[in-house]
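Chains as they are written, first to last, in numbering that gives the first Met the number 0: chain A, 0 to 234; chain B, 0 to 234; chain C, 0 to 234; chain D, 0 to 234.
Treat the hints loosely; a few may be bogus.
[As the list claims (entries may be wrong)] Selected chain C positions facing chain D (in silico; Cβ < 7 Å):
hint : residue
1    : G152
2    : P157
3    : T195
4    : T196
5    : I197
6    : K210
7    : N220
Read the hints as simulated data drawn from the structure, not as lab findings.
In this text, a Cβ means the ideal position worked out from N, Cα and C, and glycines have one as well.
Next come the chains, spelled out residue by residue.
Protein chains: 4
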Amino acid sequence: MPEFEGLSAVYLNASLQRHAADSHTRKLMEKSAGIMRSEGVDVELIHMLDHRIGFGMVTDAVADNGAEADEWPSIQAKIMAADILVIGSPIWLGVKSSLATLAIERMYASSGEKNAKGQYLYYGKTAGCIVTGNEDGVKAVSMELLYAFQHIGYVVPPQADCGWIGEAGPGPSYGDADPDTGRPFGFDNDFTNRNTTIMAWNLMHQAKILKDMGGFPDKGNVAADWQSVTNASQF
Amino acid sequence: MPEFEGLSAVYLNASLQRHAADSHTRKLMEKSAGIMRSEGVDVELIHMLDHRIGFGMVTDAVADNGAEADEWPSIQAKIMAADILVIGSPIWLGVKSSLATLAIERMYASSGEKNAKGQYLYYGKTAGCIVTGNEDGVKAVSMELLYAFQHIGYVVPPQADCGWIGEAGPGPSYGDADPDTGRPFGFDNDFTNRNTTIMAWNLMHQAKILKDMGGFPDKGNVAADWQSVTNASQF
Amino acid sequence: MPEFEGLSAVYLNASLQRHAADSHTRKLMEKSAGIMRSEGVDVELIHMLDHRIGFGMVTDAVADNGAEADEWPSIQAKIMAADILVIGSPIWLGVKSSLATLAIERMYASSGEKNAKGQYLYYGKTAGCIVTGNEDGVKAVSMELLYAFQHIGYVVPPQADCGWIGEAGPGPSYGDADPDTGRPFGFDNDFTNRNTTIMAWNLMHQAKILKDMGGFPDKGNVAADWQSVTNASQF
Amino acid sequence: MPEFEGLSAVYLNASLQRHAADSHTRKLMEKSAGIMRSEGVDVELIHMLDHRIGFGMVTDAVADNGAEADEWPSIQAKIMAADILVIGSPIWLGVKSSLATLAIERMYASSGEKNAKGQYLYYGKTAGCIVTGNEDGVKAVSMELLYAFQHIGYVVPPQADCGWIGEAGPGPSYGDADPDTGRPFGFDNDFTNRNTTIMAWNLMHQAKILKDMGGFPDKGNVAADWQSVTNASQF
Numbered sequence: 000m001p002e003f004e005g006l007s008a009v010y011l012n013a014s015l016q017r018h019a020a021d022s023h024t025r026k027l028m029e030k031s032a033g034i035m036r037s038e039g040v041d042v043e044l045i046h047m048l049d050h051r052i053g054f055g056m057v058t059d060a061v062a063d064n065g066a067e068a069d070e071w072p073s074i075q076a077k078i079m080a081a082d083i084l085v086i087g088s089p090i091w092l093g094v095k096s097s098l099a100t101l102a103i104e105r106m107y108a109s110s111g112e113k114n115a116k117g118q119y120l121y122y123g124k125t126a127g128c129i130v131t132g133n134e135d136g137v138k139a140v141s142m143e144l145l146y147a148f149q150h151i152g153y154v155v156p157p158q159a160d161c162g163w164i165g166e167a168g169p170g171p172s173y174g175d176a177d178p179d180t181g182r183p184f185g186f187d188n189d190f191t192n193r194n195t196t197i198m199a200w201n202l203m204h205q206a207k208i209l210k211d212m213g214g215f216p217d218k219g220n221v222a223a224d225w226q227s228v229t230n231a232s233q234f
Numbered sequence: 000m001p002e003f004e005g006l007s008a009v010y011l012n013a014s015l016q017r018h019a020a021d022s023h024t025r026k027l028m029e030k031s032a033g034i035m036r037s038e039g040v041d042v043e044l045i046h047m048l049d050h051r052i053g054f055g056m057v058t059d060a061v062a063d064n065g066a067e068a069d070e071w072p073s074i075q076a077k078i079m080a081a082d083i084l085v086i087g088s089p090i091w092l093g094v095k096s097s098l099a100t101l102a103i104e105r106m107y108a109s110s111g112e113k114n115a116k117g118q119y120l121y122y123g124k125t126a127g128c129i130v131t132g133n134e135d136g137v138k139a140v141s142m143e144l145l146y147a148f149q150h151i152g153y154v155v156p157p158q159a160d161c162g163w164i165g166e167a168g169p170g171p172s173y174g175d176a177d178p179d180t181g182r183p184f185g186f187d188n189d190f191t192n193r194n195t196t197i198m199a200w201n202l203m204h205q206a207k208i209l210k211d212m213g214g215f216p217d218k219g220n221v222a223a224d225w226q227s228v229t230n231a232s233q234f
Numbered sequence: 000m001p002e003f004e005g006l007s008a009v010y011l012n013a014s015l016q017r018h019a020a021d022s023h024t025r026k027l028m029e030k031s032a033g034i035m036r037s038e039g040v041d042v043e044l045i046h047m048l049d050h051r052i053g054f055g056m057v058t059d060a061v062a063d064n065g066a067e068a069d070e071w072p073s074i075q076a077k078i079m080a081a082d083i084l085v086i087g088s089p090i091w092l093g094v095k096s097s098l099a100t101l102a103i104e105r106m107y108a109s110s111g112e113k114n115a116k117g118q119y120l121y122y123g124k125t126a127g128c129i130v131t132g133n134e135d136g137v138k139a140v141s142m143e144l145l146y147a148f149q150h151i152g153y154v155v156p157p158q159a160d161c162g163w164i165g166e167a168g169p170g171p172s173y174g175d176a177d178p179d180t181g182r183p184f185g186f187d188n189d190f191t192n193r194n195t196t197i198m199a200w201n202l203m204h205q206a207k208i209l210k211d212m213g214g215f216p217d218k219g220n221v222a223a224d225w226q227s228v229t230n231a232s233q234f
Numbered sequence: 000m001p002e003f004e005g006l007s008a009v010y011l012n013a014s015l016q017r018h019a020a021d022s023h024t025r026k027l028m029e030k031s032a033g034i035m036r037s038e039g040v041d042v043e044l045i046h047m048l049d050h051r052i053g054f055g056m057v058t059d060a061v062a063d064n065g066a067e068a069d070e071w072p073s074i075q076a077k078i079m080a081a082d083i084l085v086i087g088s089p090i091w092l093g094v095k096s097s098l099a100t101l102a103i104e105r106m107y108a109s110s111g112e113k114n115a116k117g118q119y120l121y122y123g124k125t126a127g128c129i130v131t132g133n134e135d136g137v138k139a140v141s142m143e144l145l146y147a148f149q150h151i152g153y154v155v156p157p158q159a160d161c162g163w164i165g166e167a168g169p170g171p172s173y174g175d176a177d178p179d180t181g182r183p184f185g186f187d188n189d190f191t192n193r194n195t196t197i198m199a200w201n202l203m204h205q206a207k208i209l210k211d212m213g214g215f216p217d218k219g220n221v222a223a224d225w226q227s228v229t230n231a232s233q234f
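The shape of chain A in the complex, shown without the other chains (with noise of 0.2 Å):
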């Protein structure tokens, strides 16, 4: 039986590009997902812009903030139901994505929930982030959205981040064909490939050791009961 048999991954890609094969951040994400798949985690990917999904600091934005329609609910429920998270975003002028941002928005607004032992929702999962483009901007992004998953509750392994950009300027995007060689630009670069096996594979071994301790343990950590352990206002 593969080691990793019966962790769940969902890859939500925050690419504006409307169909996800057009998506450069997907043909990354769809590596890091064949290793997980390999070793027996049930993956997901999911495009945003094949769904509608509202604005607003809200759970539904049809209901709370008069949204036309509102497909982020099941995707939620998606995320709620996995152990793994992985967001990829483009690069644009340096930072995450509009739907990168607007996917943090969405799970910050759950963020207040609890989860059986009464931590923040998102507590007992891991997650990480694959980062693409042709210029500038990996680490920028992944700061961004590591600290997010960090901030409501998920564990960020060692490197969870990973990513491909080329020299300075405009250029050949991931996966692009070069019209050299006819082989996909960045495909070949070993540290691209190495960051995003190491990733994959921490992202796994921390799902299983969050799964195999029954997710966090919650002494100290439930925000409800704070002040019956040792705690900041007793120093």
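Please build the complex by placing chains B, C and D on the supplied structure of chain A, with the hints as guidance.
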């Protein structure tokens, strides 16, 4: 026996105040350290400005970058001996201090070295940050610090940052005496106290989990060996 | 005649609140707009969520990225007709809103076009930002917005951002009524009022300077022509 | 007579390399400086690590923060005498160097002082930045530096940053000799050369505009006097 007996933590203060006693950030670090000590963790606080630390992407700034003096190696040894690292930083113009940046640079300069499992040096440990200012920027500072931690091998547990700022504009710093009440500003801020408490507990839990497992699992994350496992170049 | 008669400004609100009247950020934008109007500037406030705006690095998201509707082109036309742009954003998890990111993406998608001098489209204009939240992140949001502005051609004058946040932790938002006094929170914050005032004046000065000069001088900054002046490839 | 005769610029290099000649960032700074010199600007390059600079939010780190030595005051005097400031920074872990952060801190420590018009000290000047690395982060570094500049009074003209990075992963730094061709990496990157050129020209234009006007207009931006003009507290 306290639950976390046997764990150790280094609290590194990147305040720009020459003397530890003048540092507002230290006042919040002391609360966090107080929790850990009460739970059995062996804690050491280091005030960076008590030491002469050289610049450079080197492990020894005297030998390798012409510095007059460099006490970083002894700090680095303490960081390596500890299960938990907490960096404290003030906020200036919305970002972390030069000393916090210096600490990360010096740690990063060793990050290519390997631990006993062949993983990057900092694998098997956990880290968080504490931030204070009178105005704005706790999250911006934390994004950079937590990103650096996970990048070099630390596990970042849920809610690994805490901090305090006042309302927009100049004003009292954390722990300054309120002239009206005599009480220190920020000490009775429930939000800060709660987050400081949760962070201390989560770092202790995470450190214990890692220690009990003998470090982070090494399959797939040994840089020299990534091609021997299911990897990104296969997809 | 008012000093700044003849200038025009667009205030674009990237609030996540469906209705303009519910936006806290708008309350501060109104103060800034009030100063400009009093000094003769023709001001229009746009609430992004009053419009259906498509995603994508395209100028027309219906034609070029399969969106159902896209009112961005009419907003873009107003931005192009104005001398001054002010983007207002709330803060969520320490960063600018998805709508603010969307606005920048859509503006950036036109940035390769040229103005009458052959410069990038936004040359000859000036821009700033207004940020509110209940917690933390005015500077982090402003860094991203102001960076984007200068990158695509705007002049960023001194102190081009302003904002309001409360003390660390959840709490009232800008303009909420104080239950004790009935007065709106933040309205009597001298720091916020002063910075909001300085920013409005500096944007008006800068816009007038540019208008009086007939735009920004074009020697050396026409992308198609950089090799005809003293340039970096010569050194 | 060259068009920009009479203007002066300080180029401050925050490289972590002890010796100026070893700094890759300096190689790109030299190109920018070369353009300015050719156009009549009096340019001085300062290598921060040639100087002992103290820490602290103080104007004199020896007198006010217990430093052993502090040559910042002489650097500060040069910055104040110059019309243009350009800070160069390497990228480490995606962010600006500790020395770049130190430079901003020390400049900020004087920012409460006033110029002859009663404006904050740096009003009437213009600034930009130059960033190099072998991997990722030009925009992230520039966001922090340009934000700081405008915050303390500088005008940021269009396209005020430039830089070079290589493809994702470790690799040659800017100006390293290509073993195959002997040519320095990055020197023939048209994107970098073009942006470096545009930035130099825009800084010169902006400095001349400010000089010809006798600084930035002062109505509405003298902090002590903001309530004497139309202001935010009135709306």
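Hint-by-hint comparison with the structure:
no. : hint : in the structure
1   : G152 : holds, 5 Å
2   : P157 : holds, 5 Å
3   : T195 : holds, 4 Å
4   : T196 : holds, 4 Å
5   : I197 : holds, 5 Å
6   : K210 : violated, 13 Å
7   : N220 : holds, 5 Å
Comparing the model with each numbered hint stated earlier shows that hint 6 is the single one that does not hold.
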